Amino acid sequence: GAVVSQHPSWVICKSGTSVKIECRSLDFQATTMFWYRQFPKQSLMLMATSNEGSKATYEQGVEKDKFLINHASLTLSTLTVTSAHPEDSSFYICSASLRLATDTQYFGPGTRLTVL
Amino acid sequence: RKEVEQDPGPFNVPEGATVAFNCTYSNSASQSFFWYRQDCRKEPKLLMSVYSSGNEDGRFTAQLNRASQYISLLIRDSKLSDSATYLCVVNGGSQGNLIFGKGTKLSVKP
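Line order of the protein sequences matches chains A and B.
Quick note: the first sequence uses the numbering used here, first residue 1, plus one each step.
Quick note: the second sequence uses the numbering used here, first residue 1001, plus one each step.
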């Protein structure tokens, strides 16, 4: 159990376009979902925490107007990278937990974004 | 001091070797500790939680020293399939969220 999917698994886009990444919990309802970013040879960095039906909480240094997060249901959260630039190229990973941020997190397979 | 600090490695060991990884964390209020495994270009997968009394899962043993804010992972009889990056993870963010170390790379050779 506790499977999280992400779509797409990889995307290549031109600079200036927007990219939407979906994160779904397939067999459980996730009250809390997390979005991480990982640059090569770096640790996973939390970008934001989202709770179903409320606004996401962004970590310091993450622009909320650039990285739009919508957690409209207990099984779906989306991250939209608006006006993407080459420096946004990274591995974006979501995770989901049942209730609290301190519950076990189940990770999606990640989305590799390359902005040309 | 970084929130979660690990030796990046790489650790290159022969099959059958015993290898140990260490990790230190800065937030003394942290309550949950984990080791994750991440393969190249993949998502992290939970290897094991770490309990105060120490715990073992097959060839893997994890230990926690709260006084020193130190966590360890011991892998015995290493296999080729153990080659991966091992992430030390601590809960300790403002909402109790997870803080990841950069990971220690392990390469097991035949």
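Just so you know, these hints were derived from the structure itself, not from any lab.
Everything numeric in this text was worked out from a predicted model, so none of it was measured.
All residues carry an ideal CB built from backbone N, CA and C; glycine is no exception.
Treat the hints loosely; a few may be bogus.
Which bits of chain B does chain A cover? Going by a derived footprint, with three or more residues having C-beta under 8 Å, they are [to be verified]:
{"hint": "1", "segment": "1022-1030"}
{"hint": "2", "segment": "1056-1062"}
Quick list of in silico lysine-lysine cross-link-like pairs, DSS-like style, CA-CA up to 27 Å [to be verified]:
{"hint": "3", "chain 1": "A", "residue 1": "Lys-66", "chain 2": "A", "residue 2": "Lys-41"}
{"hint": "4", "chain 1": "A", "residue 1": "Lys-64", "chain 2": "B", "residue 2": "Lys-1102"}
{"hint": "5", "chain 1": "B", "residue 1": "Lys-1002", "chain 2": "B", "residue 2": "Lys-1079"}
{"hint": "6", "chain 1": "A", "residue 1": "Lys-41", "chain 2": "B", "residue 2": "Lys-1105"}
{"hint": "7", "chain 1": "B", "residue 1": "Lys-1109", "chain 2": "A", "residue 2": "Lys-41"}
{"hint": "8", "chain 1": "A", "residue 1": "Lys-64", "chain 2": "B", "residue 2": "Lys-1002"}
{"hint": "9", "chain 1": "B", "residue 1": "Lys-1002", "chain 2": "A", "residue 2": "Lys-41"}
{"hint": "10", "chain 1": "B", "residue 1": "Lys-1002", "chain 2": "B", "residue 2": "Lys-1045"}
Now the hints, each set against the structure:
1. Look at the segment 1022-1030 of chain B against chain A: 0 of its residues bring a Cβ nearer than 8 Å to a Cβ of that chain, fewer than three, so the hint is violated.
2. Coverage of the segment 1056-1062 of chain B by chain A is violated. Counting CB-CB distances below 8 Å, 0 residues qualify, and the rule asks for three or more.
3. Between Lys-66 (chain A) and Lys-41 (chain A) the CA atoms are separated by roughly 24 Å; this keeps the pair inside 27 Å, and the hint holds.
4. Proposed proximity of Lys-64 (chain A) and Lys-1102 (chain B) is supported: the alpha carbons are some 25 Å apart, at most 27 Å.
5. About 31 Å separates the Cα atoms of Lys-1002 (chain B) and Lys-1079 (chain B), which puts this hinted pair outside 27 Å; it is violated.
6. With a C-alpha separation of about 10 Å, the suggested pairing of Lys-41 (chain A) with Lys-1105 (chain B) holds against the 27 Å cut-off.
7. For the hint pairing Lys-1109 (chain B) with Lys-41 (chain A), the CA-to-CA distance comes to about 21 Å; that is within 27 Å, so the pair holds.
8. Between the alpha carbons of Lys-64 (chain A) and Lys-1002 (chain B) the distance comes to roughly 25 Å, so the proposed pair stays at or under 27 Å and holds.
9. Pair hint Lys-1002 (chain B) plus Lys-41 (chain A) holds up; C-alpha atoms about 16 Å apart against a cutoff of 27 Å.
10. With a C-alpha separation of about 23 Å, the suggested pair Lys-1002 (chain B) and Lys-1045 (chain B) falls inside the 27 Å cut-off, and the hint holds.
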